[in-house]
Each structure stands twice: as structure tokens, then as C-alpha cells.
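2 protein chains.
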Amino acid sequence: MLSKSQINLLKSLQHKKFRTEHGFFLVEGRKSIYEFADSAYQVDTVYQTYTSDPKLLNLSRKINFQQISLNDLEKISSLKTPQDAIALVKIPDWPALKTETLRKSFTLVLDGVQDPGNLGTIIRTADWFGIRNIICSEDTVDVYNPKVVQATMGSLSRIKVHYTNLEALLRSTGLPVYGALLNGNNIYTTNFGDEGLIVMGNEGNGIRPVIEKLVSRAITIPRAGGAESLNVAIAAAIFCSEVTRNTLK
Amino acid sequence: MLSKSQINLLKSLQHKKFRTEHGFFLVEGRKSIYEFADSAYQVDTVYQTYTSDPKLLNLSRKINFQQISLNDLEKISSLKTPQDAIALVKIPDWPALKTETLRKSFTLVLDGVQDPGNLGTIIRTADWFGIRNIICSEDTVDVYNPKVVQATMGSLSRIKVHYTNLEALLRSTGLPVYGALLNGNNIYTTNFGDEGLIVMGNEGNGIRPVIEKLVSRAITIPRAGGAESLNVAIAAAIFCSEVTRNTLK
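As given, the protein sequences belong to chains A and B, one line each in that order. Counting in UniProt numbering, the first sequence runs from 1 upward without gaps. Counting in UniProt numbering, the second sequence runs from 1 upward without gaps.
Bound conformation, chain A alone (with noise of 0.2 Å):
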């Protein structure tokens, strides 16, 4: 049974002030619950309608369980349709990235990117082609927002996700910085050696000029048919395969 005040300061973090105020988000599906167990984000609490789960137990010794009804259950889930339990997380308070750390790599640059489902979707795409880092700009759609989170599908326990000021780091990295643009080269014929970042931009306006200006590399996906552009997720899942597409054959 949770107390009305509990209840409350777990659906206050819905929202980004009481996720930065408490220092945790929540993560919903036992199958999500125990990805965030079995990697470097630290598991608080997992309120779910049973006393224990072995699974977890065997996962970490540290989690809390909390029996709860199913009727606390759906008021604290974020989810039309709540799914069988959901953990409090702690926000990890990642070290500073180094440059060594994404050498002989490749990085995704996020300028921007707005909306959650294509934030989670970019996570679950670079988790799939072995992406370890994503560097976000300080005014992307955080990465701890519910929707974000469950569009992740579990992969955002095995990405860490950056916030920094974007022209400093491109400034500071030496590393080649790639650029989803109109009118650069095909990326079907650029040979994207064996590490770089890659910065795609927000979904209405694209890279901003004064990152664009950072860009040592503008790349296009040439174009055959009539639409106007590409969903950014989308491209970046094309740019995830085609620099990666050497290293799985």
C-alpha cells in the first residue's frame, strides 16, 4: 500500500523539474526492469502487485520490492495500458566524456531532436548496431521522459546518454565530425574510416548554423522519390547501418 504523498512524488516524475529534483525516473515492464538490473544504472525500488521477483533478487541484492495494488500500480504509471510493474531508477551521474572514450568508434550528436518516440527509437537503433555513447544537446527532449524511455524498448540501460554544450565539444574533440545535410556527399560512396560523430538535427530545422559550421563532413541520403525530407530517427538509423555495415559482414 503506498501513502498518498508517495503516490504523488512518484507521478511527479513525469515531468523533467521533479525528475532533476529527486535524481530518478521511472522505467515500466518487468522485461525493461530487468535490463536496468543487469547493467550500470542502479535499481531503487520495484513496485509491482508480488512481494519479490527471484529474477531480480538474483540480478542485485540492493533492490527494494514494494507490494502495491494494482490500482496504485495504474496511478503512477505513465502508460494508457500499465504493464506489470515499474521501477523507481536513479539518474546516473555519467564521468565526463573523454575523446579516448569515443575513439575507434562512432558517436551519435543529437542538435535538437524534439520528440520523445524518435528519441527512444534512436536509442533502440544504436543499441542494436553497438553504439555506446549519444551526445545530446542541452535542449534534446530528456532522455528520462516516460515516453522516451519505453520507446527505448529496454536499450537505454546499455547507451549512455550525454547532455553537453554541443560547440564546445565539437571544438574540443578532434575526432571527424560528420553532418546529416542537404547537398554534402553520398553517403553511399564516403568511406567513414573507423570512428567519428555523426550529428543529425532537430526534426523541423534541421542542424543549427553555428554547429553546422563545426561540420568537417556534410553527408546527404541521396534522394529518388518526391518527399521532402527523411524522419531524423530514420536517417539516423540509415547512417547507424552504413558506417557499421563494414564491421558485419
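Note that these hints are calculated values from the structure, not bench results. A few of these clues could be false.
[To be verified] Derived lysine-lysine pairs resembling DSBU-like cross-links, with alpha carbons at most 30 Å apart:
#1 A/Lys80 - B/Lys16
#2 A/Lys31 - A/Lys4
#3 A/Lys75 - B/Lys147
#4 A/Lys80 - B/Lys75
#5 A/Lys147 - B/Lys80
#6 B/Lys55 - B/Lys160
#7 B/Lys11 - B/Lys80
#8 B/Lys31 - B/Lys80
#9 A/Lys147 - A/Lys80
#10 B/Lys80 - B/Lys90
#11 A/Lys62 - A/Lys147
#12 A/Lys11 - B/Lys80
#13 A/Lys11 - B/Lys147
#14 A/Lys75 - A/Lys55
#15 A/Lys16 - B/Lys80
#16 A/Lys17 - A/Lys147
#17 A/Lys31 - A/Lys90
#18 B/Lys98 - A/Lys147
#19 B/Lys11 - B/Lys75
#20 B/Lys55 - A/Lys80
#21 A/Lys160 - A/Lys17
#22 A/Lys31 - A/Lys75
#23 B/Lys147 - A/Lys16
#24 B/Lys11 - B/Lys213
#25 A/Lys147 - B/Lys147
#26 B/Lys4 - A/Lys147
#27 B/Lys80 - A/Lys17
#28 A/Lys147 - B/Lys90
#29 B/Lys90 - B/Lys4
#30 B/Lys17 - A/Lys80
#31 B/Lys31 - B/Lys90
#32 A/Lys147 - B/Lys104
#33 B/Lys11 - B/Lys98
#34 A/Lys75 - B/Lys80
#35 A/Lys160 - A/Lys80
#36 A/Lys80 - B/Lys147
#37 B/Lys80 - A/Lys80
#38 B/Lys16 - A/Lys31
#39 B/Lys17 - B/Lys104
Once you have looked at the hints, place chain B on chain A.
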């Protein structure tokens, strides 16, 4: 000014039952309406807060214009933030598909895709890559669902979406049938030739066994990371990119 019964009729088109009964669907936003007016679709009436639209009149003299209040526009709209105009468009009755039409091109075949956003994004992506036809199983989400139409960003005006019995279709075409499956050939080393059908399955369950039996070549997007699966619109995009990449150089 719209009568109450006109408003109810237009609102009812958010549901498939009434779209089928009346033979119409709605397109929202002036930009998409321009694209439909300039296509094989027949735009019947444009409801807007102005009396006419010179650009639309230029595209077709057959369009009716009806000036309505912003309040009425908001009542008809399926969007949280309604756009500036809504068009009543006739549901087309495309000629029956012939194998000849599908030769020397690639066609997406969707087996039970359920999410409107996924179908809309697949149509937009197919349009970018120059794919002209999409064939859906009869239980795939309805393409004239307002969420699908919205997610296509106007691309629906250029793509023909057919609903049919997939089993009968795949048995009869004689074209290569590629299927997005686990444990198939590596997509990056597959020679797709210059024609074929590409079957994508349902979000949760993939391709149905009865359809899988009719796939001549199982194809897999190799995985390097931890995600269990790719979103179907993402997987479809990578297939579109791979089958057309040699023609886009």
C-alpha cells in the same frame, strides 16, 4: 458555417467504419493538401478559415471551398493543435495490381503492421527512396487513419497502398520474395538484383508462419549490440536503403 450534422459526418471519418461507409478521408494542413490536389487523389472539399486558395484553384478547378470558423475547424480536426485547413479526399480505388506493374522495382509488403505512426513513417521513407507501391495484409492498420495520413507528411499522395490477401499475392507474382527475418542472409552481402517484394512483419510477432513459407530469401540486418529487435519502420528503411543504394550513386 457548418451544420451540426456536417460536423458529425466529418468527425466520424476518424473511424474506419465511417470512412468505408462514406468513401472519404481527411487530410490536414495546407502543405499536405497541395500535394494531394496535385496527385492522382481527388480532393472534394477544402474547409478553411479563408474563402478560397489561389494555389489550390490553380491545381484543380474541381475543388469546393468552404469557409468555416476556427471553432468548427477544431471540432473536425484529429490533431491536438489543428492546422490551417482540412480537406475531404475521396478514397481511391486503385486498379488491381498486376505483376507487370511491380517488375523492375522494389515493393514493400507489410504483414500486419499495427501502429499508425509506423505505417505513416514507412510510407514517407518509401517515398524518399522512390518506391511506388506498398502492399498490406488485410489486417494491417488502415492507411486512411488520420494518424497514418499525418505521419506520411504528404507522401501518401505519391504512393499507392494496396490491401490484399498476401498469401494469394505471394503465390502468384513470380517475383523474388525477400523477408525481414532473424537468421537469414546478411543484408549487406545480398545481391537484390533489380526487382522484388520485401516482406516486413508485425511489430510484436514478425511475419506470420504461413507468409514466411512463401519467402524465397530470408534476409537479416546483422546486430552488433544488445537490442532484441529493431522497430519495423527502421528495419523497412534499412531495406529501402540497401535495395536502392546502387542506383543512388
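Checklist line | Broken hints, by number | finding: Of the numbered hints, 18, 20, 24, 26, 28, 32, 33, 38 and 39 do not hold.
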